[in-house]
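> Sequence:
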Amino acid sequence: MIGVADFPPYSIVEGDKFSGAEVDIVRESLTIAGYQVEFTSYPYGRLPISFRQKQIDGAIVTLKNFKDIEVFYSDIVLPEYQTVAIHLNKTGLDISTINDLQDKSILAHQRASLFYGDDYKRIALSNKEKSLYQETSKQQSQILMLFKERVDVIVLAHEIFNYFKARTEYKNSDTEYVVSKIFGEKFGFYNVFWDREVCDGFNRGLYIIKENGTYDRIVSQYLESQEPNPHQERFRDLE
Numbered sequence: 043m044i045g046v047a048d049f050p051p052y053s054i055v056e057g058d059k060f061s062g063a064e065v066d067i068v069r070e071s072l073t074i075a076g077y078q079v080e081f082t083s084y085p086y087g088r089l090p091i092s093f094r095q096k097q098i099d100g101a102i103v104t105l106k107n108f109k110d111i112e113v114f115y116s117d118i119v120l121p122e123y124q125t126v127a128i129h130l131n132k133t134g135l136d137i138s139t140i141n142d143l144q145d146k147s148i149l150a151h152q153r154a155s156l157f158y159g160d161d162y163k164r165i166a167l168s169n170k171e172k173s174l175y176q177e178t179s180k181q182q183s184q185i186l187m188l189f190k191e192r193v194d195v196i197v198l199a200h201e202i203f204n205y206f207k208a209r210t211e212y213k214n215s216d217t218e219y220v221v222s223k224i225f226g227e228k229f230g231f232y233n234v235f236w237d238r239e240v241c242d243g244f245n246r247g248l249y250i251i252k253e254n255g256t257y258d259r260i261v262s263q264y265l266e267s268q269e270p271n272p273h274q275e276r277f278r279d280l281e
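Using the numbering used here, you'd call the opening residue of the sequence shown number 43 and step up by one each time.
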């Protein structure tokens, strides 16, 4: 049993149906390795707890943060996550570094304060004391809150922003926004397993689907169709 959190377009949970780039890659890789794959869903914050309690055999989309127990991490599945800070161009904000988030109203993805270093954690705590910082597991709400001008900045993966924006009334909006790459370059997540044999089997299957074209087909289906409108989007890279 593999644990999944709703994290489109990487993992998409619709009732008892599971899809998404990571989910399909896991399903194909483990099937090739000879395993019958079943998925179960948890809230994003609950998934690592459920894994620790051995309620599931593995979990997808995780960092290497189970440091006090013996577990086995897969190869990186999709090195495609680019965390960014996004604000509306008309606000005139200058977000060039993480420190520029100080005293801005921010809506970040769930558990963001644990991922991006001491400076971000300090700012998150400081802003929260002023009611200027929140985190949410409902990432579509981040896009809505930004374009409705309820917050100054949202923090999330650029790919997830594109995915959800394309599913809101702001899909074809003329409103310009600025994407600040203040968190560094793209990074990837791993899958984590209790059983080394299962982990090794997954890695073998992953190699095979990369060779036979299945991997590229899945990536194209879920990620390459989420291209943003170039007339709306501006970039500010990490300085």
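No wet-lab data here; the hints were simulated from the structure.
You may find that some hints are simply not true.
[To be verified] Below, simulated BS3-like cross-link-like pairs (lysine-lysine); rule was C-alpha separation at most 27 Å, straight line:
| # | residue 1 | residue 2 |
| --- | --- | --- |
| 1 | LYS163 | LYS146 |
| 2 | LYS146 | LYS59 |
| 3 | LYS132 | LYS96 |
| 4 | LYS190 | LYS109 |
| 5 | LYS190 | LYS172 |
| 6 | LYS213 | LYS228 |
Treat the numbers as computed from the prediction; the structure is a model and nothing was measured.
> Could you check the structure against the hints above and give me the numbers of any it violates, in ascending order?
2, 3, 4
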